[in-house]
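Asker: Let the hints inform the model, and build the full structure from the sequences given.
Going down the list, the sequences are from chains A and B.
Heads up, the first sequence is in this note's numbering, so the first residue is 1 and it goes up one at a time.
Heads up, the second sequence is in this note's numbering, so the first residue is 1 and it goes up one at a time.
If you're looking for bench data, these hints aren't it; they were derived computationally from the structure.
Just so it is clear, CB atoms sit at the ideal spot from N, CA and C, and this is done for glycine as well.
Careful, some of the hints might be misleading.
Stated by the list, open to error - Cβ-Cβ distance ranges computed for the label pairs, FRET-style:
{"id": "1", "chain 1": "A", "residue 1": "Q145", "chain 2": "B", "residue 2": "R109", "range": "30 to 38 Å"}
{"id": "2", "chain 1": "B", "residue 1": "Q165", "chain 2": "A", "residue 2": "R245", "range": "48 to 56 Å"}
{"id": "3", "chain 1": "B", "residue 1": "G249", "chain 2": "A", "residue 2": "Q145", "range": "33 to 41 Å"}
{"id": "4", "chain 1": "B", "residue 1": "T464", "chain 2": "A", "residue 2": "Q145", "range": "47 to 55 Å"}
{"id": "5", "chain 1": "B", "residue 1": "T179", "chain 2": "A", "residue 2": "Q217", "range": "36 to 44 Å"}
Said to hold, decoys possible - Beyond 10 Å from chain A on every Cβ pair, some chain B residues (computed):
{"id": "6", "residue": "T30"}
{"id": "7", "residue": "G80"}
{"id": "8", "residue": "Q129"}
{"id": "9", "residue": "G149"}
{"id": "10", "residue": "D222"}
{"id": "11", "residue": "R262"}
{"id": "12", "residue": "K394"}
{"id": "13", "residue": "Y413"}
{"id": "14", "residue": "H418"}
{"id": "15", "residue": "N423"}
{"id": "16", "residue": "V497"}
{"id": "17", "residue": "V513"}
{"id": "18", "residue": "L526"}
What the hints assert, rightly or not - Once the Cα atoms are required to be at most 35 Å apart in a straight line, the calculated DSBU-like pairs of lysine-lysine come out as:
{"id": "19", "chain 1": "A", "residue 1": "K143", "chain 2": "B", "residue 2": "K16"}
{"id": "20", "chain 1": "A", "residue 1": "K143", "chain 2": "B", "residue 2": "K462"}
{"id": "21", "chain 1": "B", "residue 1": "K119", "chain 2": "B", "residue 2": "K401"}
{"id": "22", "chain 1": "A", "residue 1": "K143", "chain 2": "B", "residue 2": "K451"}
{"id": "23", "chain 1": "B", "residue 1": "K119", "chain 2": "A", "residue 2": "K225"}
{"id": "24", "chain 1": "A", "residue 1": "K143", "chain 2": "B", "residue 2": "K119"}
{"id": "25", "chain 1": "B", "residue 1": "K49", "chain 2": "B", "residue 2": "K22"}
{"id": "26", "chain 1": "A", "residue 1": "K225", "chain 2": "B", "residue 2": "K22"}
{"id": "27", "chain 1": "A", "residue 1": "K225", "chain 2": "B", "residue 2": "K16"}
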Amino acid sequence: MADPVLSFTDRGIYCPAADVYIDPWRPVDRALITHGHADHARPGMSRYLAAHAALPVMLHRLGEIDAQGVAYGEVLQIGGAEISFHPAGHIPGSAQIRVAVGGEVWVVSGDYKVVDDGLSEPFEPVRCHSFISECTFGLPVFKWQDQAEVAQALNAWWVSNAAAGRATILGAYSLGKAQRLMRMLNPEIGPILTHGAVEATNAVLRAQGYALPDTIQVTPDLNPKDYPGALILAPPAALGTPWARRFGTASTGFASGWMRLRGVRRRRAADRGFVISDHADWDGLLQAITETNAENIYVTHGYTDIFARHLNENGWNAQVIPTEFGSDDDDTPDTTESAA
Amino acid sequence: MKGFAALFNAVDQTTKTSLKTKALADYFRTAPDDDKLWCIALFTGRRPKRAVTTTQLREWAAEQAGIPLWLLEESYPIVGDLAETIALILPPAREDTDLPLAHWIDTLRALTPLDVPDKKAHILAAWDQLDATERFLFNKLITGGFRIGVSQKLITRALAQATGQDEPVIAHKLMGGWTPETTSYRALIEADDPAADQSRPYPFYLAYQLDAPPEDLGAPDDWQAEWKWDGIRGQLILRGGDHHVWSRGEELMTDRFPEFSRALDYLPAGTVFDGEIIAWDGDAPLPFNTLQARIGRKTVPKKLLKDAPVILLAYDLLEHEGEDIRDLPLRDRRARLDALCADLPKDAPLRASPVLPFKDWDTLAKTRATARDNRAEGLMLKHLGSPYLSGRKKGDWWKWKLDPLTIDAVMIYAQQGHGRRANLFTDFTFAVWKGNDLVPFTKAYSGLTDKEFNDITRWVRKNTLQRFGPVRQVRPEHVFEIAFEGIHKSPRHKSGVALRFPRMSRWRHDKPVQEANTFDDLQELLETYG
Chain A
1 MADPVLSFTD RGIYCPAADV YIDPWRPVDR ALITHGHADH ARPGMSRYLA
51 AHAALPVMLH RLGEIDAQGV AYGEVLQIGG AEISFHPAGH IPGSAQIRVA
101 VGGEVWVVSG DYKVVDDGLS EPFEPVRCHS FISECTFGLP VFKWQDQAEV
151 AQALNAWWVS NAAAGRATIL GAYSLGKAQR LMRMLNPEIG PILTHGAVEA
201 TNAVLRAQGY ALPDTIQVTP DLNPKDYPGA LILAPPAALG TPWARRFGTA
251 STGFASGWMR LRGVRRRRAA DRGFVISDHA DWDGLLQAIT ETNAENIYVT
301 HGYTDIFARH LNENGWNAQV IPTEFGSDDD DTPDTTESAA
Chain B
1 MKGFAALFNA VDQTTKTSLK TKALADYFRT APDDDKLWCI ALFTGRRPKR
51 AVTTTQLREW AAEQAGIPLW LLEESYPIVG DLAETIALIL PPAREDTDLP
101 LAHWIDTLRA LTPLDVPDKK AHILAAWDQL DATERFLFNK LITGGFRIGV
151 SQKLITRALA QATGQDEPVI AHKLMGGWTP ETTSYRALIE ADDPAADQSR
201 PYPFYLAYQL DAPPEDLGAP DDWQAEWKWD GIRGQLILRG GDHHVWSRGE
251 ELMTDRFPEF SRALDYLPAG TVFDGEIIAW DGDAPLPFNT LQARIGRKTV
301 PKKLLKDAPV ILLAYDLLEH EGEDIRDLPL RDRRARLDAL CADLPKDAPL
351 RASPVLPFKD WDTLAKTRAT ARDNRAEGLM LKHLGSPYLS GRKKGDWWKW
401 KLDPLTIDAV MIYAQQGHGR RANLFTDFTF AVWKGNDLVP FTKAYSGLTD
451 KEFNDITRWV RKNTLQRFGP VRQVRPEHVF EIAFEGIHKS PRHKSGVALR
501 FPRMSRWRHD KPVQEANTFD DLQELLETYG
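Answerer: What follows is the structure, encoded as structure tokens:
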């Protein structure tokens with residue numbers, strides 16, 4: 001019997017026909033990378049291949065690497081495999097990776113969401129025989145509100161804080177989530193200040209041509225009093241630290257899919273939780289899986305056992321694949337960002 | 001319901017007590033009276049009678065959501081709250097109404113006599129006209145347990161702000177056996193006479209643990225010392241021709257402890273005692289587990305009454321000759337208490353808890369060290385000039401408890417918590433060595449910091465050996481110091497012992513797993529302190 005198109009190894013997802021790994025978690029010769037989050041784009045690979053739009057952030061985060069870019073939809077022949085990258089809608093530059101060997105097609109989703117966030121290249125369904133899907137939010141309790149409604153609540157919160165003379169501090173992962181939120185904010189309410197980790201990513205994305213509102217980086221000599229009514233965007237780990245206390249009386253918020261759960265929201269001890277995720281919700285996962293037309297579904301990080309059982313009961317052939325993904329603020333309810 | 005939902009959101013969205021109080025006070029100024037009454041009732045642990053079972057709720061919700069029941073059941077432990085799980089999986093409501101809280105409670109109360117299909121129709125109709133937060137609250141009305149970060153103290157303060165009454169007055173009005181079905185907001189909060197209800201207890205005065213040296217309290221002459229007994233703090237109320245027994249948790253326990261009916265033979269009506277209910281052998285307290293046999297029982301068989309008799313060791317006198325004497329200084333209240341108890345026969349179900357004489361703090365420290373031998377948890381120190389306040393207050397009263405007993409144990413099982421602790425491993429089982437085996441002997445849930453709970457949760461996920469439903473067996477690798485207040489024999493436990501108030505006092509990163517304590521160490525503690 002021929003090798004399967006993709007197999008699951010202790011280094012990551014492997015394609016024998018092309019001799020490449022997809023988002024490997026141990027050093028390998030050639031790595032195809034779905035997106036720049038630290039649990040997917042790791043250091044130590046000899047060669048990297050990613051969508052053009054994902055490269056600048058990877059270079060920023062991983063330093064001097066041997067990296068090649070590819071356009072969305074462009075087909076590369078690597079060994080016996082045809083490989084192409086397709087938008088995953090997760091963050092700017094994120095991709096699903098399609099691998100075809102002798103007419104059999106597999107797709108690795110990476111992280112994805114099916115709704116258009118107005119910033120990332122929108123998710124494109126790719127037909128395949130086998131689909132490797134994340135399922136971070138693979139439970140029917142996870143259903144996202146419209147982004148416009150969340151934006152309204154977010155801006156209303158900012159307005160009321162500004163009116164009460166309080167600073168507004170919003171915690172969000174510095175790559176992707178922070179920029180998506182910036183686009184949801186109404187800059188007429190007040191200035192947007194940023195933590196250095198967020199601003200560094202902003203600079204990279206702006207240079208690529210992603211349109212972001214004006215921001216002011218918080219530096220040691222910045223006097224918060226000069227920016228009344230400001231909203232401060234920072235990685236979650238910065239909240240509750242001396243860095244955040246310089247802004248005086250403040251209302252704090254988090255933006256993550258986990259904020260859907262009251263228990264997690266309360267444990268974060270933030271004043272507000274905004275349900276906004278860069279992963280697909282329950283309906284989004286099922287929609288994406290249906291649209292691939294795949295028969296075999298391999299589920300990775302998230303509520304894998306439960307989600308696979310549901311798929312199996314509904315006519316798919318689903319299996320759980322252990323991976324080492326999962327460290328952005330949406331991946332587990334209590335991670336504090338360490339890699340940004 | 002929108003007003004109540006807005007109140008809930010306001011309270012739930014902040015961690016600041018002042019903002020919570022303000023939101024509640026605003027609600028008490030503006031909401032309809034019936035809604036206010038139910039709001040008070042819900043936040044003080046009262047709720048409408050359960051009209052449908054949670055099993056029915058689960059089935060109907062899964063059906064409405066178009067998912068199999070097992071998927072709801074799997075989601076529940078991850079969300080950590082059934083009412084919330086159901087609210088989250090239901091499809092969006094098709095109607096939008098704003099009927100008062102009291103309307104929904106009346107709806108639920110009217111369900112009781114209906115047959116199941118009618119009940120279901122009413123519940124589904126309700127879900128279909130409430131938004132996400134309102135649904136969660138509606139479900140909470142059914143499943144009970146309105147623990148959402150609003151304490152009785154907060155309610156008391158907010159009512160005081162909204163009505164201009166003093167907090168202790170409000171606190172007193174909220175005590176006792178009132179139900180929203182049988183009173184009104186006006187009668188409960190605005191009527192002037194809190195004594196209108198003959199069974200109503202006074203708010204309990206509670207103390208903080210003394211952390212500073214007792215010398216800081218000043219002259220020993222100004223202080224009264226007594227044992228801090230390990231029983232159930234309670235009030236014995238003698239009014240009219242009746243007696244009532246309340247626990248500090250405001251549970252009416254009159255029928256559970258029939259011994260106290262005899263108090264009326266010796267003591268006049270218009271008398272209220274604060275004290276400790278303990279199992280008593282005629283001269284001294286019996287171990288706490290003797291009393292435990294009585295706690296769970298609503299009716300008491302004769303044999304148990306004989307084997308585990310209880311009395312009240314009275315600490316204080318709150319009402320005397322029908323008069324509220326809480327404002328008198330302790331020395332006067334105590335004098336009246338002693339006078340009342342002086343001539344009681346030895347078999348009366350009440351006696352004054354002895355005052356422990358001491359001339360200086362050093363002597364008292366020596367007395368404290370003997371607390372366990374006297375079956376006490378430590379000492380209470382009360383300023384002789386102190387009035388009887390309500391709630392937990394610093395200054396005049398202090399607990400001076402013994403240091404807890406400790407043992408170093410190995411974590412072997414872990415389970416996720418609920419509510420605020422959903423998704424986090426917080427419930428653990430601990431074991432000690434017996435040869436090469438680990439014998440489980442206690443569970444513990446508290447004592448770690450949020451960061452430690454996060455760390456251990458990450459570790460548990462990576463070090464699970466086996467799963468038994470929600471329980472995970474983990475690699476025996478971590479040693480924790482378990483602190484507890486007492487130890488006694490227990491045939492119900494595999495290890496043969498049961499601990500009182502076990503908690504994790506320290507994560508012993510420094511201790512290799514082989515150096516945890518042994519089963520023999522545990523037996524020795526049992527022999528010394530059991």
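Asker: For each hint, tell me whether it holds in the structure or not.
Answerer: Verification of the hints:
Checked against the hint of 30 to 38 Å, the pair Q145 of chain A and R109 of chain B passes, with Cβ atoms roughly 33 Å apart. At roughly 38 Å, the beta carbons of Q165 of chain B and R245 of chain A sit outside the given window of 48 to 56 Å. At about 40 Å, the beta-carbon gap between G249 of chain B and Q145 of chain A stays in the expected band of 33 to 41 Å. Between T464 of chain B and Q145 of chain A the beta carbon distance is about 34 Å. The supplied range of 47 to 55 Å is therefore violated.
The given range of 36 to 44 Å is broken by T179 of chain B and Q217 of chain A, whose C-beta atoms sit roughly 59 Å from each other. Listed as a non-interface residue, T30 of chain B keeps its Cβ farther than 10 Å from every Cβ of chain A; the least gap is roughly 19 Å. For G80 of chain B, the non-interface assignment is contradicted: its Cβ lies about 5 Å from the closest Cβ of chain A, within the 10 Å cut-off. Residue-level check passed: Q129 of chain B sits 19 Å from the nearest beta carbon of chain A, beyond 10 Å.
For G149 of chain B, the condition that its CB be more than 10 Å from all CB atoms of chain A is violated, with the nearest at approximately 7 Å. At roughly 41 Å from the closest C-beta of chain A, the C-beta of D222 of chain B stays outside 10 Å, upholding its exclusion from the interface. The beta carbon of R262 of chain B sits about 48 Å from the closest Cβ of chain A, which is more than 10 Å, so the claim that it is off the interface holds. K394 of chain B, annotated as away from the interface, keeps every beta carbon of chain A farther than 10 Å; the closest lies near 25 Å.
The Cβ of Y413 of chain B sits about 20 Å from the closest Cβ of chain A, beyond the 10 Å cut-off, so the non-interface label holds. Annotated as non-interface, H418 of chain B brings its C-beta within 10 Å of a C-beta of chain A; the closest such distance is 8 Å. Under the 10 Å C-beta cut-off, the non-interface status given to N423 of chain B relative to chain A is violated; the minimum distance is some 5 Å. At the 10 Å boundary, the C-beta of V497 of chain B stays outside the reach of chain A, the nearest C-beta of that chain being 33 Å off.
The claim that V513 of chain B lies off the interface holds: its Cβ sits roughly 26 Å from the closest Cβ of chain A, which is beyond the 10 Å cut-off. For L526 of chain B, the non-interface assignment is confirmed: its Cβ lies about 37 Å from the closest Cβ of chain A, beyond the 10 Å cut-off. A threshold of 35 Å between alpha carbons decides the hint, and for K143 of chain A with K16 of chain B the separation of about 29 Å falls inside it, so the pair holds. At roughly 28 Å between alpha-carbon atoms, K143 of chain A and K462 of chain B fall within 35 Å of each other, so this suggested pair holds.
Taking the CA atoms of K119 of chain B and K401 of chain B, the gap is near 52 Å; set against the 35 Å cutoff, the hint is violated. Among the hinted pairs, K143 of chain A with K451 of chain B is consistent with the structure: their alpha-carbon atoms are about 29 Å apart, no more than 35 Å. Between the alpha carbons of K119 of chain B and K225 of chain A the distance comes to roughly 58 Å, so the proposed pair goes past 35 Å and is violated. Restraint check for K143 of chain A and K119 of chain B: the C-alpha separation of about 28 Å stays at or below 35 Å, so the hint holds.
Among the hinted pairs, K49 of chain B with K22 of chain B is consistent with the structure: their alpha-carbon atoms are about 30 Å apart, no more than 35 Å. Proximity of K225 of chain A to K22 of chain B is assessed by CA-CA distance (about 28 Å); at most 35 Å being required, the pair is judged to hold. Pair hint K225 of chain A plus K16 of chain B holds up; C-alpha atoms about 24 Å apart against a cutoff of 35 Å.
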